[in-house]
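Trainee: So the protein lines, in turn, are chains A and B.
Using our numbering, the first residue of the first sequence is number 1, and each one after it goes up by one.
Using our numbering, the first residue of the second sequence is number 1001, and each one after it goes up by one.
Just so you know, the hints here were simulated from the structure itself, not pulled from any lab data.
Small disclaimer: the values here were computed from a predicted structure and weren't measured.
Any given hint might turn out to be false.
[As the list claims (entries may be wrong)] Computed footprint of chain A on chain B, listed as stretches where at least three residues anywhere in the stretch have a Cβ under 8 Å from a Cβ of chain A:
1) 1030-1040
2) 1055-1066
3) 1217-1224
Where a beta carbon is used, it is the ideal one built from N, C-alpha and C, also for glycine.
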Amino acid sequence: MTDAELLPPRFARWFAARAWRPRPHQLALIDHGRAGRSALLIAPTGAGKTLAGFLPSLISLAARPPWRPGTRRRGVHTLYISPLKALAVDIERNLEKPVAEMGLDVSIETRTGDTSASRRQRQRLLPPDILLTTPEQLALLIAAPGAETFFEDLDTVVFDELHALVTSKRGDLLALGLARLRALAPNLRTVGLSATVADPDGLRGWLVAQARGEAPRRAELVEVAGGARPDISILATDERIPWAGHAARYAFADILAAIGRHKLTLIFVNTRSQAELIFSGLWQLNDDNLPIALHHGSLDVGQRRKVETAMAEGRLRAVVATSTLDLGIDWGDVDLVVHVGAPKGASRLAQRVGRANHRLDEPSRALLVPANRFEVLECQAALDANYVGAQDSPPIAAGRLDVLAQHVLGRAVAGPFRADDFYAEVTSAYPYRALARPTFDRVVDLVATGGYALRAYERYAKIRLTADGSYRLSHPRFAQSYRLNVGTILDTPMLKVRLGGKVRGSGPVMGGRLLGEIEEYFCEQMAPGDTFQFGGEILRFEGLRELEAIVSRSADRDARVPVYSGGRFPLSTFLAASVRRLLSQRADWARLPAPVRAWLELQADLSAIPAADQLLVETFPHEGSFHLVLYPFEGRLAHQTLGMLLTRRLERAGCRPFGFLASDYALGIRCAADVGAAIGRGAPSLATLLEPDMLGDDLEAWLAESYILKRSFKACAQISGLVEKNHIEAQKSGRQVTVSTDLIYDVLRQHEPDHILLEAAWADAAETLLDLKRLSDMLSRIGGHIVHKRLERVSPLAVPIVLEAIGSVPIAGEADEDVLRAATDDVLRAAMR
Amino acid sequence: MTAMAREGERVLTRDGLINLAGVGVRFDASGVLHWPDEGLMVVSDLHFEKGSSFGVRGRFVPPYDTRATLAALGEAMARLQPARVVALGDSFHDKTAEARLTPADLATLAGLVASVDWIWVAGNHDPVPPAGVGGRQLEELAVGPLLLRHEPRRGRAVGEVAGHLHPAAKVGRGRAVRRRAFISDGTRVILPAFGAYTGGLNVLDAAYAGLFEKSRLIAWMLSDGRVYPVRGAELVRD
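Just chain A, with the same shape it has in the complex (with noise of 0.2 Å):
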C-alpha cells in the first residue's frame, strides 16, 4: 500500500495545510494499525511519536459510522495509559488540538485519581472514545462492574514512556491488566511507545500475549533514528572541583551565567535535597532576579501545576527539577538543560538531556556539572557513552507474586474466575510468562487464606471456591477495601505538610496552608523542634497530627536535619564498566579537566591505577585507625551489601572494623586493628577475604537480622493486601488499627520461614536493595586480579571516601544501638544487674 493510500483525504490535507509531511515511522505505525498487528515504536524525543501512536485510532475512529440514538452505546474505542497524570492530562491538550483541526467526531476524557466521582460515573455510562488514563485507573477499571460491556469494543491499548513502566512493580500490575483486557477484547492490539532501550525485545514480548512454554512472541519494530547528536558538554570552570561531596555549590556562579545566557534553562538534579540546595544557592546569588522556580515530586499540586504553566508560557528562565520531570512532559521551550551531579546512567542522561530543543533536527544543548572528582570521571563516561548511542535501561524481571496476589483479588472483584483459566490468563503476561502452577496456587492461597501451614482462617476466607469450581468473593466489603488499596506505589507512605503552630502544651495545631507532601520516615526520624529544607525554605517541625506533618516557618539560616534524599539512583553496569575503562586508560586522561588529571597522575605515583578487569584495594593508617579502602565501581547498593559482609569477615579475623562508607565507586572500612599488616601476612588473604562463597551464609546471618528484609517485607505485605495501607473504618492514625509489619515479619520468619511473602520479600531485597548479582558479578570477576597496595598514608584515590567518612551512614542495627547508648544514662546501666 502506498502512503497516499494509508493516509486518508482528511488527513492527507490536515498535514499538507502544515507544511508537514507524515513522517515514515507514522506510516509504519498505521499501516500495522490497519492490520490490526501490535507494534513497539522506539524513538527519541521529539519525534512526533504520541501522534504516530494514535493515528492509526484516529484513523480508524474517523471512518466509523456515527452512533445512531436507539443503537447500543459504544464503549472505549483507544485506551492510553500513561505513567504520569500529568502526562495524561498534557496528552489530551496536544490531541484536541488536531482532532479539533481535523473536524474529527471523536470524544477524548481523562481519567486519573483527580477526575470526580461524578465523572468517572459518566464516563462509565458514557464511554469516550479514547480514554487516557493512569495503571492505577486501570486496575479500577477492570474490577469495576461493567468491565464487560466497558471494554467489549476496546481496539488499541497505547502505553506511552513504556520503558519507564516496565522495569517495576507497577509495570507488572499493568501487564496483568493488559492481559485482562485481552480477555474481555481478544482482538485488541497494543501500541507502545519508547525511548531507545538496551533490550527492545523485552518490550515486544511484553505488548502481546504469550504462550507458555513456547519461544516468546513479539509485537512488530519500528524505530527511528536518533535526531541530530547531542551537544553536551562538561562544565569548565576555574574553580577547585572539590574531593567529596555533592552540593556542587563551586559551580552555582557558572550554572547563573549560563542561564543568563539561555532563554530557558532546565536544571536537573538526583535528589530532592539537592534540588533545594541548589534552588536556594542560585538564588543568593541571583542579583538580576532572574525567574527561576524549583520544581519536585513533594511539593504541592497546585505549587507544581503554577511552575509548569509559567514554563509553559515562557515565564520562566530557569527551574530545578528532580525526576519529576524526567518523562515526555513537553512545556516549554527549553534550549539548555544543566545536569548537576552524575547522571548515573546512560539511558537516564539522554533521556533528560532530550528534554532541550524537543525538535528532532535539532541539536539538544546540555551542560553536566559533575559536583566531585569521581563525579567527573562518570560524567566523562556517560558523555562518551551518549555520543556512542549505548544504552544501559534494566531488563524486564520476572512478574513479583506480591503485585499478582493483589491483581488476583481484583480479578475475583471483577467477578468469579476458574483456576484454570485465570492461570492461562495470567501467564500471557509477559513477564509471568515462565510463572509455575504452584507459585500460582499458593499466590491464590495467599489471597484466599493468608496461605499459612497453619489454617487459622478458613472461615474468614476472602475468596472461596465454590460448587460450580469457580472461586468467588466472599463479602462485599474486600471488593472496597481493594479499592482503597490497589496500586503498586505504596511503598513510601507520605505525609502532608502543612502550615501551621504549636499552642503550649496542646501540641502542634494545624490550619495552615498546604505545602506538600514528604516521606513519612522522614518524619519518624525528626523531633519537634528540627528544622529542615522544604520548597527553597527552612521549616520547623512542630509535630505530627494525624496524616499531616505541621510545620512553621524557621528564622534559621540552615536546617538541622540536611539529609532529605528521595530517589537516589546507583550507578548502572554500564557507566560502571565505562568509568573503568576510562580509567585505565591513560590516553583519555586527556579529555579530562586539569585538576582531576592531575589527581589521577598523582594517584598512578603514589599507589596504582587499576586495569580494567582489576581490583584495586588499598590499606593505610589515617587519624588513628586503619584503612581497607576496595575500588570496585560497582555502585552504593553493592558496596554497601559488600561493606555488610566484609565487616563480617573482618570481625572474624580480628582486624576489627568499625565503619564503613559506600559510595558509588568505592567502599571504605575503618579498623581499630592494623588491617593492612594482616592482609600483607596473608591473614587473613584477600583471596579468601573476596571469595564469592560471602554471598551464602554470610549474607543469610546478617540479613536475618538486618532491616533490610523488614523494609521489603512491608512493601510486599501491603501491596498484597495482607495488611493495608487504607482502611473502610474511620482511623485516627495508622499506627493503632494495624499491627506493625515489623512485628508481623519477625513472628513469621521464627515460625513459617518459607511462606511466600518472606521469598517475595527476599526476591524484592535481592533485586532492589542489595544488588547481589552485581554483587557476585563483581566476586567472580575480580578472582586472581586483586591488586594489594599497602601505603604509608592515605592515597589521592582515596581521599574522598576517607573525607566523607564523617558523615558516613553507619549499618542501620548497630546504628540503632548508637542511639540508644548515647542517650543512656551509663552509671545506671553499669550498676544495675
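Dock chain B against the given chain A, drawing on the hints supplied.
Mentor: Here is chain B on its own, set in the frame of chain A:
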C-alpha cells in the same frame, strides 16, 4: 562520690536492682518485671490472639503471635524461676480470643499456668477472666508495698505496678530509635506490653500526663535483649 553516682544509688538498690517504692525489682529485657525476693514475675498486656482478631476482617496477619508470645513467656519463666506469675490484664485480645486459641497453644498456656501460682488480673479487653486455663482471678493484688492492677490510677499512686498503656520511648535527633519501655519514677511503674503484636504509645503522650514525677522519670528501653535506662530529658515525641 559524684552526684551522678549518688543519684544512681537512689534509683538502684545496693545490690543493683531497681528501687521501686522501697523494694528491689528487676526490669527484665524480655519485658517482664521480676521481684526476686518474692519470687514474683509480672507480665502485662499479653494480647493473645490479637493476630486472629484481624483475620476475622480478612486481614490475614500470621496466626503465630500467641505461639510467639507463649514461647517468650516460657523462656522468661524458665530463666527467672518465679513461684508466682501475675498477668496484669488484657491477656486475651478480645472476648472471643480464648475460643480462637489452637489446642496446642491452649495446652502450652495451661502448662505454664499450672507450673506456678498464676494470677489473672482483669483488664479492659478481657474484663471477664478466661475460664478453662486455670489460675486465680483478681481485680487487683497487693504484695508488700506494691499494688498490681491493670490500668494506672490518675494522679500519684505510690507502689503501683500497672500496664494498659503499652509504653514506648523514642530517643535521638536526626536519627531516632523507638522501643518498648518500662516507664518509672521510682514510685510506680508501667510495664511494656508483652504480646508479640502489641505496639507502643510514646511515654510523652498526653495519656501519661500527671502520672509521674517528671524530674525522676526514666524510660527503661528494651532493645535486642538489652535494657537501656534513659532519663526523661533525653526522650522525644513522635
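Trainee: Next, verify each hint and record whether it holds.
Mentor: Checked hints:
1. Check on the segment 1030-1040 of chain B: 0 of its residues sit with their Cβ under 8 Å from a Cβ of chain A, so the three-residue criterion for coverage is violated.
2. For a cut-off of 8 Å, the count of residues in the segment 1055-1066 of chain B with a CB near a CB of chain A stands at 11, and the three-residue condition holds.
3. Here the segment 1217-1224 of chain B counts 4 residues with a CB under 8 Å from a CB of chain A, which clears the bar of 3, and the coverage holds.
In this structure, the one hint that does not hold is number 1.
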